[in-house]
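Enquirer: According to the UniProt record's numbering, the sequence shown is numbered sequentially starting from 1.
If you're looking for bench data, these hints aren't it; they were derived computationally from the structure.
Owing to the predicted nature of the structure, the values given are computational and were not obtained by experimental measurement.
Please note that a few of the clues may not be correct.
[What the hints assert, rightly or not] Pairs of lysine-lysine, DSS-like flavour, derived with a Cα cap of 30 Å: (1) K118 to K36; (2) K118 to K12; (3) K12 to K132; (4) K12 to K36.
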Amino acid sequence: MSNEETCLLTAKDYTILEVMLERCLGRDDPIAEILKRKIDGASVMFRDDIPPMVVTLSSRVSYRVDDGPAETRIIAHDEMRGLVGSVLSITNPRGLALMGLAEGQSMVIRRADGTEEKLTVQEVVYQPEAAKRETEGLKLGLGGPASKPRGTILRLVHSADGLPATPIERVPAPLDDDPGPSAA
1 MSNEETCLLT AKDYTILEVM LERCLGRDDP IAEILKRKID GASVMFRDDI PPMVVTLSSR
61 VSYRVDDGPA ETRIIAHDEM RGLVGSVLSI TNPRGLALMG LAEGQSMVIR RADGTEEKLT
121 VQEVVYQPEA AKRETEGLKL GLGGPASKPR GTILRLVHSA DGLPATPIER VPAPLDDDPG
181 PSAA
């Protein structure tokens, strides 16, 4: 595995890939080669330490195949019904190749016809581990990029009427001095 293809995997993602490799039926399984390359070149990290620009399971990633147009998919363990065209399973060579790559990294894989294609990660649009850290940072009121003003809980990103988007602010609950039934 070249330096361009080294990957960072969470412990969970690494374990899933190991199990997949053990279950490969034969050496001619098209994903066996990719699994071996991923496992051999992986650096395993705790989910709290994985950088937000790395593709993990359930990440939404924008990528290119060779010099083609960018495509955006959710990297999933299995095909998900109802999400046709938005999910790329790691049982698919392309989905597997993207696992563990960071923005700007590429991996070359062999197609069924023997030709090769190069997959390049353009952007990790959403990563569940980063989203979890951000949510926990908001709950704890920690500083850093995860910390946002405590009153803002939603952000309007598109307005149907074409007006500029404004934040939707949290409305505090009225002061309730009723001690409840346990005080009786």
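Enquirer: Now, for every hint given, state plainly whether the structure supports it.
Expert: Quick rundown of the hints versus the structure:
A C-alpha spacing of about 18 Å is found between K118 and K36, which places the hinted pair at or below 30 Å, so the restraint holds. About 26 Å separates the Cα atoms of K118 and K12, which keeps this hinted pair within 30 Å; it holds. Of the supplied pair hints, the one linking K12 and K132 holds, its CA atoms being roughly 15 Å apart against a limit of 30 Å. Restraint check for K12 and K36: satisfied, since their Cα atoms lie roughly 17 Å apart, inside the 30 Å limit.
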